[in-house]
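Each chain, letter by letter, is given below.
There are 2 protein chains.
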Amino acid sequence: MSSIKLYNPGPVNVSTDTYQAMSSAMIGHRGSDFVNLYSDIHPKLQKLFGTNSPVYLSTSSAWGIMEAAVRNLSTKKVLNCCNGAFSDKWLDVSQRCGLEAESLSAEWGSPIDPVELDKKLSTGEFDLVTLVHNETSTGVMNPLKEIANVVSKYDDVLLVLDTVSSFSVVPIDADELGIDVVLTGSQKALALPPGLALFTVSDNALEKAKSTPNRGYYFDFLEFHKNWEKMMTPSTPCISLLYGLQHQLNKIFDEGLDARFERHEKLNQMVHDWVQLHEFNHFAPEGFRSKSLTCVANNKNIDVPAWIKRMREKHSLIINGGYGKIKGSTFRISNMGDESVETIQQMLEAITDTLEDS
Amino acid sequence: MSSIKLYNPGPVNVSTDTYQAMSSAMIGHRGSDFVNLYSDIHPKLQKLFGTNSPVYLSTSSAWGIMEAAVRNLSTKKVLNCCNGAFSDKWLDVSQRCGLEAESLSAEWGSPIDPVELDKKLSTGEFDLVTLVHNETSTGVMNPLKEIANVVSKYDDVLLVLDTVSSFSVVPIDADELGIDVVLTGSQKALALPPGLALFTVSDNALEKAKSTPNRGYYFDFLEFHKNWEKMMTPSTPCISLLYGLQHQLNKIFDEGLDARFERHEKLNQMVHDWVQLHEFNHFAPEGFRSKSLTCVANNKNIDVPAWIKRMREKHSLIINGGYGKIKGSTFRISNMGDESVETIQQMLEAITDTLEDS
Chain A
1 MSSIKLYNPG PVNVSTDTYQ AMSSAMIGHR GSDFVNLYSD IHPKLQKLFG TNSPVYLSTS
61 SAWGIMEAAV RNLSTKKVLN CCNGAFSDKW LDVSQRCGLE AESLSAEWGS PIDPVELDKK
121 LSTGEFDLVT LVHNETSTGV MNPLKEIANV VSKYDDVLLV LDTVSSFSVV PIDADELGID
181 VVLTGSQKAL ALPPGLALFT VSDNALEKAK STPNRGYYFD FLEFHKNWEK MMTPSTPCIS
241 LLYGLQHQLN KIFDEGLDAR FERHEKLNQM VHDWVQLHEF NHFAPEGFRS KSLTCVANNK
301 NIDVPAWIKR MREKHSLIIN GGYGKIKGST FRISNMGDES VETIQQMLEA ITDTLEDS
Chain B
359 MSSIKLYNPG PVNVSTDTYQ AMSSAMIGHR GSDFVNLYSD IHPKLQKLFG TNSPVYLSTS
419 SAWGIMEAAV RNLSTKKVLN CCNGAFSDKW LDVSQRCGLE AESLSAEWGS PIDPVELDKK
479 LSTGEFDLVT LVHNETSTGV MNPLKEIANV VSKYDDVLLV LDTVSSFSVV PIDADELGID
539 VVLTGSQKAL ALPPGLALFT VSDNALEKAK STPNRGYYFD FLEFHKNWEK MMTPSTPCIS
599 LLYGLQHQLN KIFDEGLDAR FERHEKLNQM VHDWVQLHEF NHFAPEGFRS KSLTCVANNK
659 NIDVPAWIKR MREKHSLIIN GGYGKIKGST FRISNMGDES VETIQQMLEA ITDTLEDS
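Chains as they are written, first to last, in the working numbering: chain A, 1 to 358; chain B, 359 to 716.
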């Protein structure tokens, strides 16, 4: 059994107290115990999403809801903003659902350009835009406000936002920015095991879903809404993860949102300082860098897999050796979840120690 | 926080040792730690499914795979065998996917008639049959062998079997019976928290999926297969539940399959004896009764909700007050999972004690 600490960008380390909460006695999902649980976590989730809309609980990874969003909301053509492994794949997934879909692409490592987006949308071809806020593969945080402002100009275009690796790390203001669907997963900054996706849907988007055919059942937004009205879920939910979520939300609000955002900023800065000290480059340009993870360009051409093997063996921890087509030419270090100045310091010392062996 | 013991037919009680296993340190899902975990549980799952086909892991409830099966495998018309809440709903779900679908119905409480099935299939209209082995809502176990034999006569018709509440309670021989998809969930007899579905797909069914359009991504059988070849999953899986599954499978094979089936038979008989002693009737006819739960007809017209409230308050346990249109006119008692003669005896004493207060 592994006991390697994870500094890859998800799944991240899960604290003992979270596992403890997840071990609460099982309950039925059609009774008051479940209603009480959902009712307790719901207002806290709304605050994190920056919305007054319902927050739904999906027993799936975030990909389930990424697929659901295009399936529920597009009857015309999807514009997938593509600038990394996950956003690129969203185009493929849209097409696999039988939908018309096209990409607005930027190079991996570059952000999506709001001006280019405006040009595309002005053709009138599209009814849905998908955007990955924080491209976990490249460490690029897209300019959300500028992009949301562009989409807001087009009344018939909905915006779906993946916040998988930015949620609870930086503020998300779904209502203020007029974002129609915001979705995230449990295994990143919430520091829960994987298996739970959370999402919110605007009134406009729910209305649109009503006229979209073949939505199916498991990921039908209208089913989520119908059950949400009773504080329940369409299918049997991942109850233990919801107990874990309740616990993590209590920790988040005990810490305070501002303090939490500042902590992530500070831990991220520690990693950035390490990058500079060791004369590595960032893969993402200044001003568009994630606060939850750092994607480092391997400009010193080190043997990344060998390095990770050494840190695993000597210090029982790992970072990530890059994703997809930039595997090896980049590496990624996460500062998400329950990490502290002490643990990030220990991790940086461990990776430095094994780097110097190179 | 609830600590009520659950004798409703799922989610069922989860043992402390299972929660302990679920608390194993988090691992990444794209490395050797995950491959080792999947590789360890896979042969044991094949044995329980009675198959040499791959067993796939879906981060969803069983409904996800029930929907996936019709979406991946029907291009002509689905025949949904309907004789309870869950099998009836499968027809609705098929239609919501935009598929042609029709029901072969039996009264709630009655089994599906293989002769009627044969008549339907002889029309040549159908390419897929769905069957719920053990209707959790009515306590009816359908005559699987007879039904599978009928479907086997038709080369172009695939059979999908839901074993949600029969899996690991009675033997399932997927290969011997020629069943194309067998699926189950984690929160019934496996005594894990909900959030994980397990399923197996025959070569014929995988081949059929290749020509089925708009399968999407999250539940695409071919994606499951492609990732299975590396002992991985298409999306981030519910890792903690898989550690729990590994633990439960070890317990199952330590007990021995025959001993496990016998234990469930014995515990089920204890409930049946209680039904007879207290002069209740069974909702399901003799010969078609589930071994995992008992659906009892409320022929004595007792106030079931009040009774359940009393057992909850006095003995901190509950049974279930009936499902869907037979709520109140039936009640259900589960003997699934990690229960023993002692715990079933205690439960029966507690429900008797509070019944007598009626």
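I should point out that these hints are in silico values taken from the structure, not numbers from a laboratory.
Treat the numbers as computed from the prediction; the structure is a model and nothing was measured.
One or more hints might be untrue.
Quick list of in silico lysine-lysine cross-link-like pairs, BS3-like style, CA-CA up to 25 Å [unchecked claim]:
#1 A:Lys325 - B:Lys584
#2 A:Lys226 - B:Lys685
#3 B:Lys402 - B:Lys624
#4 B:Lys683 - A:Lys226
#5 B:Lys363 - B:Lys667
#6 A:Lys230 - B:Lys402
#7 B:Lys568 - A:Lys309
#8 B:Lys683 - B:Lys447
#9 A:Lys327 - A:Lys145
#10 A:Lys89 - B:Lys584
#11 B:Lys478 - B:Lys511
#12 B:Lys447 - A:Lys89
#13 A:Lys327 - B:Lys584
#14 B:Lys435 - A:Lys230
#15 A:Lys210 - B:Lys447
#16 A:Lys47 - A:Lys251
#17 B:Lys588 - A:Lys325
Now for the hints, and whether the structure bears them out:
This hinted pair checks out: Lys325 (chain A) and Lys584 (chain B) have alpha carbons roughly 19 Å apart, not beyond 25 Å. Between the alpha carbons of Lys226 (chain A) and Lys685 (chain B) the distance comes to roughly 21 Å, so the proposed pair stays at or under 25 Å and holds. Taken as a hint, the Lys402 (chain B) and Lys624 (chain B) pair is honoured in the structure, with Cα atoms around 24 Å apart against an allowance of 25 Å. Distance check on the hinted pair: Lys683 (chain B) and Lys226 (chain A) sit about 19 Å apart at the alpha-carbon level, within 25 Å; holds.
For the proposed pair Lys363 (chain B) and Lys667 (chain B), the alpha carbon gap of about 13 Å is at most 25 Å, so the pair holds. Restraint check for Lys230 (chain A) and Lys402 (chain B): the C-alpha separation of about 39 Å exceeds 25 Å, so the hint is violated. The hinted pair formed by Lys568 (chain B) and Lys309 (chain A) fails the criterion: a straight-line CA distance of about 39 Å is larger than 25 Å. For the suggested pair Lys683 (chain B) and Lys447 (chain B), the alpha carbons sit about 13 Å apart, so the restraint of at most 25 Å is met.
With a C-alpha separation of about 30 Å, the suggested pairing of Lys327 (chain A) with Lys145 (chain A) is violated against the 25 Å cut-off. A distance of roughly 16 Å separates the Cα atoms of Lys89 (chain A) and Lys584 (chain B); the hinted pair therefore holds under the 25 Å criterion. Restraint check: the Cα-Cα separation between Lys478 (chain B) and Lys511 (chain B) comes to about 13 Å, which is no more than 25 Å; the hinted pair holds. For the hint pairing Lys447 (chain B) with Lys89 (chain A), the CA-to-CA distance comes to about 32 Å; that exceeds 25 Å, so the pair is violated.
Between the alpha carbons of Lys327 (chain A) and Lys584 (chain B) the distance comes to roughly 21 Å, so the proposed pair stays at or under 25 Å and holds. Using a Cα cut-off of 25 Å, the hinted pair Lys435 (chain B) and Lys230 (chain A) is violated, with the two alpha carbons roughly 34 Å apart. Between Lys210 (chain A) and Lys447 (chain B) the alpha-carbon distance is near 20 Å, which keeps this suggested pair within the 25 Å criterion. In summary, the hint linking Lys47 (chain A) to Lys251 (chain A) is supported, as the alpha carbons are separated by about 14 Å, within the 25 Å threshold.
For the hint linking Lys588 (chain B) to Lys325 (chain A), the alpha-carbon distance of about 19 Å falls within 25 Å, and the restraint holds.
When held up to the earlier numbered hints, the structure conflicts with 6, 7, 9, 12, 14 and fits the remainder.
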